[in-house]
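Asks: The primary structure of each chain is shown beneath.
4 protein chains.
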Amino acid sequence: MRSFARLAVILSLFTIMTFLTSLRFKTQKVIFFGDSITQAGAKPGGYIVKMREALTQKGITDYDLVGAGIGGNKIYDLYLRMEDDVLSQKPDVVFIWVGVNDVWHKASFGTGTDPDKFEKFYTAIINKMLDQHIRVILCTPAVIGERTDFTNQQDGDLNAYSQIIRNLAQKWHCGLVDLREIFHSYELKNNPGNKESGILTVDRVHLTEAGNQLVADKMLEALTSK
Amino acid sequence: MRSFARLAVILSLFTIMTFLTSLRFKTQKVIFFGDSITQAGAKPGGYIVKMREALTQKGITDYDLVGAGIGGNKIYDLYLRMEDDVLSQKPDVVFIWVGVNDVWHKASFGTGTDPDKFEKFYTAIINKMLDQHIRVILCTPAVIGERTDFTNQQDGDLNAYSQIIRNLAQKWHCGLVDLREIFHSYELKNNPGNKESGILTVDRVHLTEAGNQLVADKMLEALTSK
Amino acid sequence: MRSFARLAVILSLFTIMTFLTSLRFKTQKVIFFGDSITQAGAKPGGYIVKMREALTQKGITDYDLVGAGIGGNKIYDLYLRMEDDVLSQKPDVVFIWVGVNDVWHKASFGTGTDPDKFEKFYTAIINKMLDQHIRVILCTPAVIGERTDFTNQQDGDLNAYSQIIRNLAQKWHCGLVDLREIFHSYELKNNPGNKESGILTVDRVHLTEAGNQLVADKMLEALTSK
Amino acid sequence: MRSFARLAVILSLFTIMTFLTSLRFKTQKVIFFGDSITQAGAKPGGYIVKMREALTQKGITDYDLVGAGIGGNKIYDLYLRMEDDVLSQKPDVVFIWVGVNDVWHKASFGTGTDPDKFEKFYTAIINKMLDQHIRVILCTPAVIGERTDFTNQQDGDLNAYSQIIRNLAQKWHCGLVDLREIFHSYELKNNPGNKESGILTVDRVHLTEAGNQLVADKMLEALTSK
Numbered sequence: 001m002r003s004f005a006r007l008a009v010i011l012s013l014f015t016i017m018t019f020l021t022s023l024r025f026k027t028q029k030v031i032f033f034g035d036s037i038t039q040a041g042a043k044p045g046g047y048i049v050k051m052r053e054a055l056t057q058k059g060i061t062d063y064d065l066v067g068a069g070i071g072g073n074k075i076y077d078l079y080l081r082m083e084d085d086v087l088s089q090k091p092d093v094v095f096i097w098v099g100v101n102d103v104w105h106k107a108s109f110g111t112g113t114d115p116d117k118f119e120k121f122y123t124a125i126i127n128k129m130l131d132q133h134i135r136v137i138l139c140t141p142a143v144i145g146e147r148t149d150f151t152n153q154q155d156g157d158l159n160a161y162s163q164i165i166r167n168l169a170q171k172w173h174c175g176l177v178d179l180r181e182i183f184h185s186y187e188l189k190n191n192p193g194n195k196e197s198g199i200l201t202v203d204r205v206h207l208t209e210a211g212n213q214l215v216a217d218k219m220l221e222a223l224t225s226k
Numbered sequence: 001m002r003s004f005a006r007l008a009v010i011l012s013l014f015t016i017m018t019f020l021t022s023l024r025f026k027t028q029k030v031i032f033f034g035d036s037i038t039q040a041g042a043k044p045g046g047y048i049v050k051m052r053e054a055l056t057q058k059g060i061t062d063y064d065l066v067g068a069g070i071g072g073n074k075i076y077d078l079y080l081r082m083e084d085d086v087l088s089q090k091p092d093v094v095f096i097w098v099g100v101n102d103v104w105h106k107a108s109f110g111t112g113t114d115p116d117k118f119e120k121f122y123t124a125i126i127n128k129m130l131d132q133h134i135r136v137i138l139c140t141p142a143v144i145g146e147r148t149d150f151t152n153q154q155d156g157d158l159n160a161y162s163q164i165i166r167n168l169a170q171k172w173h174c175g176l177v178d179l180r181e182i183f184h185s186y187e188l189k190n191n192p193g194n195k196e197s198g199i200l201t202v203d204r205v206h207l208t209e210a211g212n213q214l215v216a217d218k219m220l221e222a223l224t225s226k
Numbered sequence: 001m002r003s004f005a006r007l008a009v010i011l012s013l014f015t016i017m018t019f020l021t022s023l024r025f026k027t028q029k030v031i032f033f034g035d036s037i038t039q040a041g042a043k044p045g046g047y048i049v050k051m052r053e054a055l056t057q058k059g060i061t062d063y064d065l066v067g068a069g070i071g072g073n074k075i076y077d078l079y080l081r082m083e084d085d086v087l088s089q090k091p092d093v094v095f096i097w098v099g100v101n102d103v104w105h106k107a108s109f110g111t112g113t114d115p116d117k118f119e120k121f122y123t124a125i126i127n128k129m130l131d132q133h134i135r136v137i138l139c140t141p142a143v144i145g146e147r148t149d150f151t152n153q154q155d156g157d158l159n160a161y162s163q164i165i166r167n168l169a170q171k172w173h174c175g176l177v178d179l180r181e182i183f184h185s186y187e188l189k190n191n192p193g194n195k196e197s198g199i200l201t202v203d204r205v206h207l208t209e210a211g212n213q214l215v216a217d218k219m220l221e222a223l224t225s226k
Numbered sequence: 001m002r003s004f005a006r007l008a009v010i011l012s013l014f015t016i017m018t019f020l021t022s023l024r025f026k027t028q029k030v031i032f033f034g035d036s037i038t039q040a041g042a043k044p045g046g047y048i049v050k051m052r053e054a055l056t057q058k059g060i061t062d063y064d065l066v067g068a069g070i071g072g073n074k075i076y077d078l079y080l081r082m083e084d085d086v087l088s089q090k091p092d093v094v095f096i097w098v099g100v101n102d103v104w105h106k107a108s109f110g111t112g113t114d115p116d117k118f119e120k121f122y123t124a125i126i127n128k129m130l131d132q133h134i135r136v137i138l139c140t141p142a143v144i145g146e147r148t149d150f151t152n153q154q155d156g157d158l159n160a161y162s163q164i165i166r167n168l169a170q171k172w173h174c175g176l177v178d179l180r181e182i183f184h185s186y187e188l189k190n191n192p193g194n195k196e197s198g199i200l201t202v203d204r205v206h207l208t209e210a211g212n213q214l215v216a217d218k219m220l221e222a223l224t225s226k
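Chains as they are written, first to last, in this note's numbering: chain A, 1 to 226; chain B, 1 to 226; chain C, 1 to 226; chain D, 1 to 226.
Derived from the structure by calculation, the hints contain no laboratory data. Treat the hints with care, as some may be off.
No copy labels: a pair is met if it fits in one copy or bridges any two.
Under the rule of at most 25 Å between Cα atoms (straight-line distance), these lysine-lysine pairs were calculated in the DSS-like manner [unchecked claim]:
#, residue 1, residue 2
1, Lys29, Lys195
2, Lys117, Lys128
3, Lys195, Lys117
4, Lys189, Lys58
My request is simple: use the sequences and hints to build the entire structure.
Replies: Written as C-alpha cells, this is what we have:
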C-alpha cells in the first residue's frame, strides 16, 4: 500500500508539474495586422523587434510576435487578406493598426475610405476574429504630420476615424492602444517647434527610432497588462 | 382493369399537364442590383418599369422584375448589402450595374475605388451568386458626360473599369450588357454636337426617357435571349 | 474795414463748416470680396445687410457697404476678377473673406489650392489693393463642419490656411477678423453636443441667422474700431 | 570724284554686308517654359539638348535654346514666374508646354486646375508674351500612361485640356505642337501591347530616349518651319 501511495503522490506531482509547465510554456501567437508602418515594424529597429527584445530581456517567453503589415493597406485590404494572413494562422492575439491610408489616399489617389465603410468593414474584421476567440487589440492611426496645433492637412479625418475606432473598441470589448492620443501627448512635450516631422516620424508618417520605441512600449503594456 | 387503365391515363395526363404548367408559369425573379440609376429605374418611366411593360405587351409573364438600387452605391456597398438585398431574396437572375460612383467619387469625395479592389470585391459578389446558382448578368458603367471624343473627365477610368467588368464576365461565364459600348455607339450617331448631356442623360449620368428606353431594350434582349 | 472783417469771419466759418461737413459726410465705400457666404451675406438677413441695419440704427451714415461675393470662388477667382469687381470701384475699405473653397475643392473636385499658391496669389491681391491705398481687412475661413473637437474632415487645412492669412495680415499691416477663432470659441460655448451643423451654419458652411449676426458684429467692430 | 564714287560703292557694299551678316547671325533666344519634362529636357539626352545637337549638325547657329522647366509646375506656377524666368530674358520665341500636373494633381494632391482657370491663366500668359512681340508656340500635354485605348485614368482630362490649348493656339494665332496627338499616333503604331509605359515614357510621364527624340524632332520642325 505504501508503494501505491508513493506512486500516487509521484503521479500527482507529475501531473501538476506537467500542467504548470504547460501553463508556463504555452506560447501565445500575436499577429500585428497593419500597413507599411507595421511592415517596417518587423524589420531590425522596428517596433515589433523592439517588443521581442524587451520580452527577452525580461525573460518572458510566452509570446510569439509575428508581423503582418503590407504597405499601402487600407481597411478593405485587411478585410480581403484576413483569412489567409491572420485567421488561418490561429493567433491568440491580434493587434489591428490601420487608418492612415484610409484617410491619406483621399488626397493622394482619390481612393480613401468613406467613414461608414471604414466602420462596417472594421466591424466585420473584429467579428470574424471574436468568432475565433482571438483577443483583439485596436490601435488608432497615429499621425500624418507631427504639428501639434492641428494644422496637418489630415488632422480632422485622423481625429474622426480614431473616434470610430475608440467606439468600436468599447462596443466590442476589445483592447485599445490609442496611438493618436499617445503621439499627440508626446508631441506636445517634445515638439515645441511645431515641426512636421523628425520627432516620432521620419517623413510625417513612418517611425523614427523614438517612434518605434514609443509604440513598442505602449503595445507591450497593452499586451502584458491583461 | 379498364377503369384502372383509364385512371392511369388520366393521372398521367394530369401529371404531365401539371409539369407543363409549372414550366410555363414558373416565374423567374430578376433583381437589378445597382446605384442611383437603378433606383430611378424602378420608378415610373424607369428602365425596369419599361422592361415590365414590354414583357406585358408581349404577353410574357415569366419574369418578376425587382429593383435593388441605392443612390451613391459603389462595389463595396453592393458587397455589404448583397446578403440582405439579393441572396436572401432567392433570385433566379441578377443584373449587376455598378461602377459610376467607384470612378466618380475619386474626384467628388476622394473615396473612389482602387481598380484592384474593384475587381476583388466584384469577384467576391459574383462567386457568392454563382454558389447559389443564380444567373448573373454584368453591366458596364455607361457614362459620366456624353461627349463622344473622350474628353469627359472620367472617360479614362470608365473605359478601364469597363474592361475589368468585361474580363470578369468572360472569366466567370456571366452575361454581359456592355452599356459603355452601347452608349458610345448611340452617341456617335445621335450626339453630333458633342454635348455633355441631354441625349441619353439629363445630368451627364442619370437617364433621360431615351436613355431608359435604350437600357430597357438591351437588358431585355440579354434576359430573354438565353 | 469792419464789414471786411465780418466777411472774413463768415468766409472762415463757411470754410470750416464745409470742411467739417465733408468730414462728417464723406462716405466710405466698403467692398466685401468673397465667395458664396458673402454672396448670401448681401441678401436679406445676410451679414452685410445686418451691418447696414446696425449702422442705420446707430445713425452712422459714413459707410456704403457693397457685396462682391460669388459662389465657389477660390483665391484664383478673386485674383482674376479683382480689377473689375474691386479696384475699378475705387473702394476705401475691402474685406477679403476666402479660403473655404480653396480647402474644400480638394476633396469635392480635386481642384483645391496648394498652400504656397494660396499665399502667393493672396499676397498679390493685398499688394494691388495697398497700391491703391485701400484699407484691407482679412478674414480667416470659419468652418466646414461645426464639430468642436477637430474631427471635421477639413479642420487641419482650415487651421493651416487660417495661419497663412494671420501671417499675411501681420506682414502687410492689414486688419484681421479671425472668424476661424471666433467661430471656434462660440462653438465651444454653444455646441455642447458636438453637432456638425445647425448652430452657426445650416449646412456645415453657410450661415444661419446666428452665424450672420456673429459675423456682422465682428466685422462692424473691425470696421469702426480703427 | 571718282574716288568719292568708289568710296560710296565700298561703303554701300559694307553696309549691305553688315546688314546681311546681321540677318545671318542674329541669334534668336528660344525659351522652353514648362514642368519636370522640360526640366529633364535640358539635361544630357533631353529633348532641348537633342534639338541643339541637331541644329549644330545642320550648321544652323541662329538659335539659342534655353530650358526653363521646373518640376511639378502647373499653369499657376508658370503665371507666377513668367516675369522673372521668361519676359525679363527678352526671348524671341517661347515654347509653352504645361498641363500634365494641372490634370494629375487632381488625383495626387487634390490641387489640380479647374478647366476655366486653366484657360484664363493660360490666356493671360499668352497675352503678356504677345505684348512683347514674342513668337509663342503652344504644346499639348502628351500622356499620363501610354495605353492606346483611352483607358489611362487621366485620358479624359488630357483630351479636354489639350482641346483648350488647341483653341487658344487658333484664337491667338500661336504656333502649336500637338504632342497629345503626335504621341497617340506614335503609340498606335509602336505600342501594340497596349503597355502603360516603356515606349515613349519611363514612368507613364517622363520621356525615354525615343520620347525625347520624338519631341525634339517635332519642336525643331515647328521652330524652323516658320
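Asks: Take the hints in turn and mark each one as holding or not.
Replies: Consistency of the hints with the structure:
no.	hint	result
1	Lys29 / Lys195	neither (38 Å within a copy, 42 Å between copies)
2	Lys117 / Lys128	both (17 Å within a copy, 20 Å between copies)
3	Lys195 / Lys117	between (32 Å within a copy, 21 Å between copies)
4	Lys189 / Lys58	neither (29 Å within a copy, 50 Å between copies)
Against the hints set out earlier in the document, violations occur for numbers 1, 4.
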